[in-house]
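Turn these sequences into a full structure, and let the hints guide you.
Protein chains: 2
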Amino acid sequence: MISIEEKTMTAYAKSFEQELNLRPVPTCSVFLSDGSLKPASFQETPIQLSASKSDLFDKSFPKLSIRSKNVVLEAVPSFVESTNKRIAVLFSGGPAPGGHNIVAGIRRICGELNTVFGIKSGPKGLMAKDLFEISLSEVDEILNTGGFDFLGSDRTKIKSDSQYKRVKDCVKEFNLDAIIVIGGDDSNTNVAFMAEFLADEGCSVIGVPKTIDGDLQIDNYLPISFGFDTATKVYSELVGNILKDSASSQKYWHFVKMMGRSASHVALEVALKTHPHIALISEEIAEKEMSLDQIVSQIAESILYRAGKGKNFGVVVIPEGLIEFIPEFRALIDELNSVLGKYKVEIAALPGKSRESFVQTKLRVSSSQLLKTLPEAIKNKLLYERDSHGNLQVSQIPTEELLVSMVAKKISESKSADGFEFEEKQFTLNENELKTMQSFKFASIHHFFGYEGRCGAPSPFDAAFTYNLGLLAGSLALSDKTGYMAAISNLTDGGYLTAIPLISLLSEEMRDGEPRLVIEKALVKMESPAFKSFKDNRISWAKQDGFISPGPIQFWGPLSKTLPELVVLNEDYKTSSFSLK
Amino acid sequence: MISIEEKTMTAYAKSFEQELNLRPVPTCSVFLSDGSLKPASFQETPIQLSASKSDLFDKSFPKLSIRSKNVVLEAVPSFVESTNKRIAVLFSGGPAPGGHNIVAGIRRICGELNTVFGIKSGPKGLMAKDLFEISLSEVDEILNTGGFDFLGSDRTKIKSDSQYKRVKDCVKEFNLDAIIVIGGDDSNTNVAFMAEFLADEGCSVIGVPKTIDGDLQIDNYLPISFGFDTATKVYSELVGNILKDSASSQKYWHFVKMMGRSASHVALEVALKTHPHIALISEEIAEKEMSLDQIVSQIAESILYRAGKGKNFGVVVIPEGLIEFIPEFRALIDELNSVLGKYKVEIAALPGKSRESFVQTKLRVSSSQLLKTLPEAIKNKLLYERDSHGNLQVSQIPTEELLVSMVAKKISESKSADGFEFEEKQFTLNENELKTMQSFKFASIHHFFGYEGRCGAPSPFDAAFTYNLGLLAGSLALSDKTGYMAAISNLTDGGYLTAIPLISLLSEEMRDGEPRLVIEKALVKMESPAFKSFKDNRISWAKQDGFISPGPIQFWGPLSKTLPELVVLNEDYKTSSFSLK
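Residue numbers (the numbering used here), protein chains in the order written: chain A, 499 to 1079; chain B, 499 to 1079.
Keep in mind that the hints were calculated from the coordinates and are not lab data. Be careful, since some hints might not be right.
In this list, chains with the same sequence are indistinguishable; a pair is considered to hold if it fits within one copy or across any two.
Using 25 Å as the maximum straight-line C-alpha spacing, the simulated BS3-like pairs for lysine-lysine come out as follows [claimed, not checked]: (1) K657 <-> K1041; (2) K1072 <-> K1030; (3) K851 <-> K879; (4) K877 <-> K851; (5) K907 <-> K879; (6) K807 <-> K622; (7) K561 <-> K860; (8) K749 <-> K622; (9) K749 <-> K657.
Quick caveat, the model's predicted, so the values are computed rather than measured.
Rendered as structure tokens:
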């Protein structure tokens, strides 16, 4: 946790943060019942969401099921003021742009008559009772700034009885009426369990949907999680610049991996904004059951086609989660996890190189063949680098380097193959172009963008979205609602503010071999307008250099109101500018 | 080369490029003699620069020496219009933001009565006679956009007689009156030679100072080359975001390498803008003759001190050229180049591992010891990966990974050392803090930023600077001046526009074992105000998290006029906002 006082700022940068602090953030009318800021109250809508039908569910949520009845609440203006409430807020998991505005919204909606505590360093700080009172003047200084550094964050999952007991102790010691958790799908799952656990303590627990991955979405109520817009705009700035660079220097293929642990929303959004020559969407690969070799061939085809046209450059966008969506790769990983566990002792006794041969004999033929095709460095990672549970850390696999290496090999094979033909019908080369293609030398550079985007100053959309999510979450807490997630839809039309019963989002999934109730990640849907738009255009992007450099986020001027492209497309908005008021 | 027509743009991005096109760019008054755009003319100033005293110089520039007399010219308003001139422009080397505005400035100052040709793909295109006529409407569409993709670029050096002959053929075929070369120090050296070569052909050659590295500077006349401002602002945005991320997540040290092949201006500027915990400046390391071990120890000290204070995070900024500025490393590389060349045959005959031992016996003791301390991967690069001339490609050494690995080792040694003491007197820890330090686990992530910044849309400063450099270069060409570089100083006070005789910038240097006349790279000076400001503050940055996230480049609003910090400091400007008018 970095205190505000500690910062020594130059005139230059001070003015940037100060200017951001001064940028007006819109307040939705539901919080302005009499013209000044007032917490909203809540009324039931006619919408009852379905709940998971399982023993596990009934056992887990006896209290919340009865209380919320799975009914969606909507925020309405109120003239009643809550007083003397004590509300605490924490960040959970990786940072996302806009977190500070949520804290600002909560603090301001609670006003002078209630107390707001910041919990330092996430769930860990909650258990360690590391709380401090947040003043109204403090939030003026964090308004519109990036990062989670005002409070800090942490990834601890509150699971064990002793952890829950420490939470209860903290609630009692600080006499808390509510805890607001700003986090992703897992953290919001935890909110549901904590809300159930604290239901009889008079302490509400409220969730706010955070994730730059964009995989926390709820049909009709939450088109996107906060942070996605800013992060994808930062990545799009960089990919746009690299696209320009590739066309200016005319000698490199850039392979760019994008953060997004599971879903490919980030890669899709960046593709829609920048029109790269090639972009992979994991969900499509899973749907089509593509093999690694097919993916590699498809990339190589585009590269070779362009080489024939004299264009020895381009950009390939790769989602971080790709590998786990390739069915044969997923199978290989599962088999390796099982084989390496089962024969741990035998394998450890073997000398270096014979380990691989031993493991090979224990794999199914298809997995064994796939393993053989992988570059040495990747093979070593798969065989020898495991986490403390003996599992492979899939996120540690440098997918971008794997693809570069396999694509290079495929290109050199294809060039020397007799009678090479493109699978893609739109790729045709005449004889001269085929010769040009054959003399092409593949040169590549790879990048990984993730940390660069998680702490940018929130885009005007994320700033407005999170500030109002904060006002909403604060209002829920002041109204003693528990087990809800704050949500805003109708983003181009003033905003529709609701509270979603978290238990209605849970479904049963196997995790670490156990059935668990979790919030399912929203994946890219093949039938979504955003994916279709990408699919309809990608061949022309590969062929014609229709790329775009969308530039950096603008906080002032004519370009400062844009929404994510995939939100505009999927929600069928008539404008790409947000309007929250 | 990407034609404008080929681009298929979405409404979203089209508006970005269109809005950029519409952003007004200031025109210096010297080009507005009667209120409308007119080429400037030139008069001699009293300033005569000194020329290199060497036989090589006298031999190389008999014509230019007489013509320019090494006198600086200044641009003055003119009422005469040139007509029927035929001027060609090319990009040379890596792209830098603002290149398109130079082309726009040249095209517009030449107006309807002269012809401007774009040369495709740099010097290669000049020799291949790949020219096309640029229309006035075309430059409206590239105004303020990033990249060199309007023309493309290339790194070919024009050296041989046959290459010079092809240039002359092109000049004759297109009946060119002038060639304008937009390039870095090497390209501008080439401009001088080409100007001399074409002196009797009636074809002028003019240079425009490009390089994101910022190492093309001329005292009193050129505070900075174009592209530096935009590139460092992009890198500073990213480093600022990562600083926020490190303080938000509180678990990683990020090692960030910055492009800048030789000088450390980029790293220094980014440090001045973001106040990272640690930043290395190659020139200081050379000046102090620091060893690699000393550098590693210094980094480890800051990390350990912060660990004692419970701050297990931070950012280290590393200049790309570092290794060649470490005297012992420079010596090792030189010795390896010589040994590997001399014993090529013997080494090739040896089996894998014994090669290293063989090479070790041929090195001086100090070089041999340094080699032994290096991580395997780096050692392998030094020993086995050479370019076609048998030389090491120093830029291929992943300095950031080298430092991460050596710092990790140093940290674990220091933690377990009895009676560990900090060299830096300002780092003191009490007993509890020392225990905290000892339980610290070092976790790191590394990044390299380079391609991300070379093709950003030019910052408002770079856009204004380059547009006026274009107007100036065009005016020089129309005035039949040859062998000059366009330069602008007084950046906060309207701009002072001059033409610097390129031969006055040349000095003799050994390159590839031969004496050559080259433009010396401007390095970071230890006595410069910018370096001193960094030096005075860095310990407090390491201790107190005084970091700054300066955000992305703003094209509109209150933050759109800033100059590079090091220019403001070194030029002793009273404001950080540029003013060209």
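Right, here's what the structure says about each hint:
1. Taking CA atoms no more than 25 Å apart as the test, K657 paired with K1041 passes in neither setting, with 52 Å inside one copy and 36 Å between copies.
2. For the homomeric pair K1072 and K1030, the shortest alpha-carbon distance inside one copy (18 Å) is at most 25 Å, but the shortest distance between copies (54 Å) is not.
3. When the C-alpha separation of K851 and K879 is checked against a cutoff of 25 Å, the pair qualifies both within a copy, at 14 Å, and between copies, at 23 Å.
4. In the homo-oligomer, the alpha carbons of K877 and K851 lie at most 25 Å apart both inside one protomer (12 Å) and across protomers (23 Å), since each shortest distance falls under that limit.
5. In this assembly of identical chains, the alpha carbons of K907 and K879 lie at most 25 Å apart whether taken from the same copy (20 Å) or from different copies (22 Å).
6. In the homo-oligomer, the alpha carbons of K807 and K622 lie at most 25 Å apart only across protomers (18 Å), although the nearest pairing inside one protomer, at 57 Å, exceeds that limit.
7. In the homo-oligomer, the alpha carbons of K561 and K860 never lie at most 25 Å apart, since the shortest distance is 49 Å inside one protomer and 78 Å across protomers.
8. Taking CA atoms no more than 25 Å apart as the test, K749 paired with K622 passes between copies only; the shortest distance there is 14 Å, against 49 Å inside one copy.
9. In this homomeric assembly, K749 and K657 come within 25 Å of each other (Cα to Cα) only across copies, at 22 Å, whereas the closest approach inside a single copy is 52 Å.
The structure fails to meet hints 1, 7 from the earlier list, while all remaining hints are met.
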